[in-house]
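So the sequences go chain by chain: A and B. In this text, residue positions in the first sequence follow this note's numbering: the first is 411, and each later residue adds one. In this text, residue positions in the second sequence follow this note's numbering: the first is 14, and each later residue adds one.
Because the hints were derived from the structure by calculation, they are not lab data. Any given hint might turn out to be false.
The calculated label-pair distances, taken between Cβ atoms and stated as ranges, are [said to hold, decoys possible]: (1) Ala430(A) / Lys18(B): 48 to 56 Å; (2) Ala490(A) / Arg85(B): 39 to 47 Å; (3) Leu510(A) / Cys69(B): 48 to 56 Å; (4) Trp467(A) / Arg199(B): 50 to 58 Å.
Nothing here was measured: the structure is a model prediction, and the numbers come from that model. The C-beta atom is built at its ideal place from N, Cα and C for all residues, glycine as well.
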Amino acid sequence: MADRAARGQAHLWVVQRITAMILALAVLVHLATIITAVRGGLSAREILARTQGSEAWLGFYVVFALAAGLHGAIGLRNIAGETLGWRGRGLDFCWLGLGLLTAAFGIRAAFGLYA
Amino acid sequence: MKQLKVSVWRGEEAGCFARYDVPARDNQTVLDVVTHIQRELDPSLAYRFACRVGMCGSCAMTVNGRARWTCRTHVRKVAGADGALELRPLANLPVIRDLVADLAPFFDKWQRAQGFFKPKDAPNGAVPDEFAVVAPGSEARREADAGIECIGCAVCYASCDVVAWNQDYLGPAALNRAWTLVNDARDGARGERLDAVAGDAGCHSCHSTRSCTERCPKQIDPSGAIAGLKRTLFWDSLFGGKRHG
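Okay, chain A solo, but in the shape it has when bound (with noise of 0.2 Å):
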């Protein structure tokens, strides 16, 4: 049981590791995205002829939801842990909760801009 938790544990430590790196390059597209978006004025107009109907930005903010969603949560639990010394299985899933929960916001914006 002991061992499982662990396994559990070493898990969402892999999960945070993977968004870290995922994170890393979706935030330079997203700003190298915005830079680029504003120049001239930013419209609604715009941002929709360039995200509506493309699968390829809809998979990108997707993505980057996903990993926002789970690493921040994932952080939240492990400062949660050492500074409230709340820890526990059933914590952990409320954050595993959490971090779903944030993603599906941002998946929600995103495919409100593809569709």
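Given the coordinates of chain A, work out where chain B should sit on it, guided by the hints.
Just chain B now, kept in the frame of chain A:
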């Protein structure tokens, strides 16, 4: 003669500092100072030592806020210009009395980290027919050699912030020992050991702030050993295959 102003922790968890004046000498270790107090000034002072030459790992204490092996720490390197010394028992461990910390939690965690050799060829303790051939220059053997000289003084354990935050955390020494065994070609418990050192109580809680490496009196790098365990468990968690190999 110049005097050292020595404050020494007296009592248990709840206690207070007592002040002693100890003659300063040209060549004097912190352990010499403690021994002087116990032999000449106050025989009721409790402290621990054995070899006095940096082999046994029993004399570690907190000296002016830092965990150190006292038998190999010269007073002139740690005392202030005014000759002030403050001695406490090791941090992160229960206090038995005065300068003696209870090392039971520290060694219990070595056991929990599976920090003991389990021969692959002779699980029942029998002597194997053949000697294992281990190339001294192989990467695994070099990793094991780098961490094998630990004397179990608990200086790293007392210096670790993560131990202070999480009482279950195995600590640098136990994880370093586990890493030497993970790299030992003759050991047969790789999978069990990796399970034992994974997760929040294990290597994954380490923040790599390297206090253990900075303060290890034997210049071992437990922080690097923990990073090695994390690396091994990263690929192990992704692909799983080698865990019980």
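Here is how each hint holds up against the structure:
no.: 1; hint: Ala430(A) / Lys18(B): 48 to 56 Å; in the structure: 50 Å, holds
no.: 2; hint: Ala490(A) / Arg85(B): 39 to 47 Å; in the structure: 41 Å, holds
no.: 3; hint: Leu510(A) / Cys69(B): 48 to 56 Å; in the structure: 53 Å, holds
no.: 4; hint: Trp467(A) / Arg199(B): 50 to 58 Å; in the structure: 55 Å, holds
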